[in-house]
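> Given next are the chains, with one letter for each unit.
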Amino acid sequence: MDTQSQQTWQPIPEKPPPSLSIGPVGWARKNLFSSPLDVVLTLLGLYMTYVVATAILDWAVFGAVWTGTADDCREGSQACWPFIQAKWGQLIYGRYPLEERWRVDATMIIGVLAMIPMLIPAVPFKKWNAIFLFVIYPVLAFFLLLGGSFALPLVETPLWGGLLVTLVTSIVGIVGSLPLGILLALGRRSNMPVVRMLSIGFIEFWRGVPLITVLFMASVMLPLFLPEGVTLDKLLRCLIGIALFSAAYLAEVVRGGLQAIPRGQYEAANALGLGYWRTMGLIILPQALRLVIPGIVNSFIALLKDTTLVLIVGLFDLLGIIQLSFTDPNWSTPNTANTGYFTAAVMFWCLCFSISRYSQFMERRLQTGHKR
Amino acid sequence: MALPTSPAEGSGAGRLLSWWRNPQMRGVFFQLLTLVIVVWVGWAVADNTIQNLNRLNITSGYGFLEDTAGFSINFSLVDYSEESSYARALLVGFLNTVLCALLGIAIATILGFVIGIARLSNNWIIARLATVYIEIVRNIPLLLQIFFWYIGVLRALPNPRQSFEPLPNIFLNSRGLIVPTPVLQPGIGFVFAAFVLACAGSFFLWRWARFRQQQTGQQFPVFWSSVGMIVLLPLLAFFLSGSPISLVLPELTGFNFATGSTLVPELVALVLALSIYTASFIAEIVRSGIQAVSWGQTEAASSLGLHRGQTLRLVIIPQAMRVIIPPLTNQYLNLTKNSSLAAAIAYPELVSVFAGIVLNQTGQAVEVLSIVIAIYLSLSVVTSIFMNWYNARFALVER
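Quick note, the sequences are listed as chains A and B, same order.
Heads up, the first sequence is in the working numbering, so the first residue is 1 and it goes up one at a time.
Heads up, the second sequence is in the working numbering, so the first residue is 1001 and it goes up one at a time.
These aren't lab readings, by the way, just hints derived from the structure by calculation.
Please read these numbers as outputs of a predicted model, since none were measured by experiment.
A few of these clues could be false.
Now the in silico label distances, taken between C-beta atoms and shown as ranges [what the hints assert, rightly or not]: (1) A:Pro-227 <-> B:Glu-1083: 39 to 45 Å; (2) B:Ser-1384 <-> A:Pro-193: 16 to 22 Å; (3) A:Val-40 <-> B:Ser-1288: 54 to 60 Å; (4) A:Arg-290 <-> B:Ala-1392: 39 to 45 Å; (5) B:Ile-1385 <-> A:Pro-158: 41 to 47 Å; (6) B:Arg-1155 <-> A:Pro-193: 53 to 59 Å; (7) B:Phe-1030 <-> A:Leu-282: 17 to 23 Å; (8) B:Ala-1258 <-> A:Arg-29: 41 to 47 Å; (9) B:Arg-1021 <-> A:Arg-263: 48 to 54 Å; (10) A:Gly-26 <-> B:Ser-1288: 44 to 50 Å; (11) A:Ala-122 <-> B:Ala-1346: 50 to 56 Å; (12) A:Pro-16 <-> B:Gly-1217: 28 to 34 Å.
We treat Cβ as the ideally placed atom computed from N, Cα and C, and that holds for glycine.
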């Protein structure tokens, strides 16, 4: 074939797709109006969105009372933000003394500053960060919040409240229950029948009862179990109950991770002559715990929501303080309750939603590591 | 693994310690050690408890169940008065727990399935709305939602004289939801008999249709004929026996409704919050269950010539249910356990009656809480027995 007579084959230029099937119009036809039923659903959805969004915006923003006193809130049925402004300090600190509140701030700020580099995967020195966060920080926070030494006045736990109690119960609950949860998970997969039965019994017992009965047990039964003369703080008793409760749930999460480790890892560890604890500590747990980080985070979110129950046994967490503030006669307006619940809902939602988004991010990151 | 160069080999100490090198002996030793520690802790706790109870002069034992309760309960499914015993109060609380759990489960299932399917909808707005619902509801504590419905919404409703009437003869006001009371007349037995007959008939129809399809390949519209039978036969019996259900309509006398049945606002708030909250979890379960059935299954069904309805009914749903049922049962159990939050709004269920009022009156913490715990544990044992049976029955048999 000589090159002069070679004719290059020219395809007819492509026609553009029909204008109705591309761009925003095409997208809308495909995703919003593909069938008569679809049209009805779309219109219904748009209408519902409109009604709900305008109602909420009008209640919370445009029609709301932003400044003033309780008297301004007695008329109408709109959000009463001066109530939240007046009670904001209590929502965060409870009845923590005014002049000592910087200690709570300091604890929270140090905690957040230590958490941020921990959460960003690219930041180095994770090991030292973790040691600070899980070993040094709890001790520091304990002395800062409770006081009674290092020239800090003692602040009894009945004075604690609001967001402080919510965060303390949930964080101490999850961190305190992790070691026990890991031990229980190992126990449940153990070859020793006695250890396995005890672990199963413990886990199923705590998973079978509602948290509220656990809290009742912690507040009325636990004092009976202790020798005479030993008394525990109510907050501490609830923390013990919450930690035991969440240990059972964490054990199941960790067990899921242990089951995901292929048998070859155990066999390889055995072949290297490692004993049980070194197999677990050096080979299995580091891999299993990495796998279950999303599960642990989900347990933490569940716990964060469940800590609201402590108000039933008389501790004042965020929701408890809000409930308490309704009893203030100065603010007994028809709009206080809903404003308070709305604020608490937004605070809880922001916390839980951001944590769950982070957990999803971690999940994706961990999954890519396991893809081949 | 005993190394031959071990310095202790053969010496007295080595023989003494040799059992330590035996994994089996070591296992027995550790198990004994665990058992001793557990028994010791248990004994110490029991001992402390007995001493404390003696010191505080608290009687022990379950004899108090026979005593007169002496408190009233504002909502009960069985006869109860202040003269009834604590055991009777326990029954009232248990039945109230069961009632709100059943109502909650029914509503949450319907809502959850609708929202879960909506989230997979091709319609962008419907899918987004479902996502927004799920993300908002499940990230707000349940207790907060219960308070919101109870104090924020139901307390704010008008008094009985200005009740809402969403449906004819159903009233909603600050005292709760008032519905007509159905009263059964003698002829009702025929209707029940017709219903049972229709169910039995549908069962045999289904057996016969399956047999015929296996023999001849011909299909029979079993579903619609069964529905027709189950709906029409009782209806026919109902009218033939002269409408044996009469309704006592709610009537406003003075400041409140004297007739009709009242669902107390605590129950309404609790059921609303429980079902809305649990529905968001059920929706996620339904979505993941449907997504777990691979697209290839749908394609294979189409290539076999099944139409869309058949594909769903015969291929997708049976496989999706296998994934959905176990976590769904778990959610039902969670809902039942969460109904204990009623203690916060004083709906008289198990925890608020027993761990609340009775515990305060008798002071017998150990006995009262052990009863409550035993009831919840037996509920969860029953659930896990069901789950094990289900998993054994429907588990995917792999090669």
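> Which earlier hints turn out false for this structure, listed by number in ascending order?
Going through the list in order, the structure violates hints 3, 4, 8, 9, 10, 12 and respects the others.
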